[in-house]
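Colleague: Chains as they are written, first to last, in the working numbering: chain L, 4 to 303; chain B, 4 to 303.
Simulated from the structure, these hints should not be mistaken for laboratory data.
In silico BS3-like cross-links for lysine-lysine, where the CA-CA straight-line distance does not exceed 25 Å:
1. L/Lys124 to B/Lys124
2. L/Lys162 to L/Lys172
3. L/Lys246 to L/Lys162
4. L/Lys124 to B/Lys133
Here are the computed distance ranges between Cβ atoms for each label pair:
5. L/Glu208 to B/Glu179: 51 to 61 Å
6. B/Asn59 to L/Ala131: 13 to 23 Å
7. L/Gly103 to B/Lys95: 25 to 35 Å
8. L/Asn298 to B/Pro40: 52 to 62 Å
9. B/Glu178 to L/Pro40: 40 to 50 Å
10. B/Gly130 to L/Thr238: 46 to 56 Å
11. L/Gly249 to B/Glu179: 46 to 56 Å
12. L/Asp277 to B/Thr247: 50 to 60 Å
13. L/Gly103 to B/Lys19: 33 to 43 Å
14. L/Lys289 to B/Asn59: 50 to 60 Å
15. B/Lys19 to L/Glu219: 28 to 38 Å
We put the CB at the ideal spot given by N, CA and C, even for glycine.
Chain by chain, the residues run as shown.
2 protein chains.
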Amino acid sequence: MKMNDYIALIDKQIDKFMPVQYPQRIFKAMKYTVTLPGKRLRPVMCLETCRMFGGNYEDAIPTACAIEMLHAQTLIHDDLPCMDNDDYRRGKLTNHKIFGEAHAVLAGDALLTFAPQIILKYSKSLGAEKLIRIMEEYFQAAGAYGVIAGQVVDIESEKLMQSFEFSGKIDVETEELAKTLQYIHTHKTADLFKLTLRTGAIIAEAPDEQIEQITEFGQNLGVAFQIADDILDETSTFEQMGKTIGKDKAEGKLTYTSLYGIEKSKKELNRLIDKCFNVLEKNNLKSEVFEEILNKIRIH
Amino acid sequence: MKMNDYIALIDKQIDKFMPVQYPQRIFKAMKYTVTLPGKRLRPVMCLETCRMFGGNYEDAIPTACAIEMLHAQTLIHDDLPCMDNDDYRRGKLTNHKIFGEAHAVLAGDALLTFAPQIILKYSKSLGAEKLIRIMEEYFQAAGAYGVIAGQVVDIESEKLMQSFEFSGKIDVETEELAKTLQYIHTHKTADLFKLTLRTGAIIAEAPDEQIEQITEFGQNLGVAFQIADDILDETSTFEQMGKTIGKDKAEGKLTYTSLYGIEKSKKELNRLIDKCFNVLEKNNLKSEVFEEILNKIRIH
Chain L
4 MKMNDYIALI
14 DKQIDKFMPV
24 QYPQRIFKAM
34 KYTVTLPGKR
44 LRPVMCLETC
54 RMFGGNYEDA
64 IPTACAIEML
74 HAQTLIHDDL
84 PCMDNDDYRR
94 GKLTNHKIFG
104 EAHAVLAGDA
114 LLTFAPQIIL
124 KYSKSLGAEK
134 LIRIMEEYFQ
144 AAGAYGVIAG
154 QVVDIESEKL
164 MQSFEFSGKI
174 DVETEELAKT
184 LQYIHTHKTA
194 DLFKLTLRTG
204 AIIAEAPDEQ
214 IEQITEFGQN
224 LGVAFQIADD
234 ILDETSTFEQ
244 MGKTIGKDKA
254 EGKLTYTSLY
264 GIEKSKKELN
274 RLIDKCFNVL
284 EKNNLKSEVF
294 EEILNKIRIH
Chain B
4 MKMNDYIALI
14 DKQIDKFMPV
24 QYPQRIFKAM
34 KYTVTLPGKR
44 LRPVMCLETC
54 RMFGGNYEDA
64 IPTACAIEML
74 HAQTLIHDDL
84 PCMDNDDYRR
94 GKLTNHKIFG
104 EAHAVLAGDA
114 LLTFAPQIIL
124 KYSKSLGAEK
134 LIRIMEEYFQ
144 AAGAYGVIAG
154 QVVDIESEKL
164 MQSFEFSGKI
174 DVETEELAKT
184 LQYIHTHKTA
194 DLFKLTLRTG
204 AIIAEAPDEQ
214 IEQITEFGQN
224 LGVAFQIADD
234 ILDETSTFEQ
244 MGKTIGKDKA
254 EGKLTYTSLY
264 GIEKSKKELN
274 RLIDKCFNVL
284 EKNNLKSEVF
294 EEILNKIRIH
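Bound conformation, chain L alone:
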């Protein structure tokens, strides 16, 4: 399967998995953000990982779509006025701008339990043991040990950089901030990447050693992805990104570029991408889809 075939399949399946029922406004709000036009990076990676490890990618469809729903949940709540207060996402109004804050909070809540419900309902053939393992992975990544931990520390790091100026040398202060930033990127972004790769591998019944390899891949890719996002937040336009640009810097948020500047950030980004290619090569994993994803994230 090519990238675009996967994307078309995922879009079709998400539409099927999410019929609008009574009370309509909540199901509409849930579906609105999940179906915003997007690259479907996380579900594509789940299907491709399953295939790459010798599984049938079709077995991973409900899990892949559920992870896209979980991703949407994090976007809806992160965009709320009490959090990042964003009006646009992927070029469209954010959830609370359309449905109001109360419904946006509830739509996020609903997606958090709707997503694993989809897995249990449509993946019965995987068997109870495997389903339990997927549930455990899902809760670990979705909760206070995963994306929420990242979001909390991210919020708490606001304004941290307002008076910081990188001297060009890495001193104690920089190291401390770098550790915090690594924590934020790991949990806020890489944890969902790892979830999608690990569950794809679990469904394919990959051995533990390979699951560890793909987890390392996900960690590097997730952090690279976030660094790229930080760079683009400073160098691109609203039209390119579909969201308000330059906010992080204006708010003194701890980001890769605020800590190290753009040039050093680009270097680190490309170093991580190289590491991802190495993991694939070392493990003899062939995937045009992953190569395409990795090359797209690079910034020269």
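Chain L is fixed; fit chain B onto it per the hints.
Modeller: Positioned in the frame of chain L, the structure of chain B alone reads:
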């Protein structure tokens, strides 16, 4: 076990299940609302149902505590400024008043996945099949088919009653409103009651027929509980209830008392309690704990 023994056990276990970890503020926020002084009605009912159907109540402890966490999640988000905007709950400041709105949203999110994680982690001895069943029940009750459906319709019914005056006769308008109200009570309140009773029964391996009986019991008890809450919202004080009183009426919210008045509400409440006693008797179920709960909810 007596009521108070169960409560002490649950409080002790919740404390054990919820160590405060890094990032501390989120774990503290989660634990704050879960451990507010309360009657622990839902977890007590889970343990007692398990015992009543011949199971070992100790097997139900993680599930019981998880349901209390889920209940706390609904309280945290319902109290938010964009929802019911409540400053007090059980006599204490609400979550967002202490931890701020962003952390309150995230604490609720975190509880939604932390709760089932506790079940999976500490109930392994139940076996994968039973755990999957408990997960299914949990998602059904917690999500857009359960409490969230109730909360959405509740929010959308605000101001519905501002110009309504009950004529003493049940006409088409009253019937339409009564249907909506039944929907709100069923999902917002009874669904969590049913969850706690059904999972207790599932853990005890009760036959399907008995699970249906206890579900009916939970439906009646849940609606009765909500009617009692509506009555007390009009007739009691802040000191008795631990939360701001009379808000529903002031805001023209659809409630049992706004629709039928206090006298008719009391009658319906006591009729439902009688029905609950009938279910116990008919099925030869003996439980001092449930008798105590039922008698406490009655209002004369």
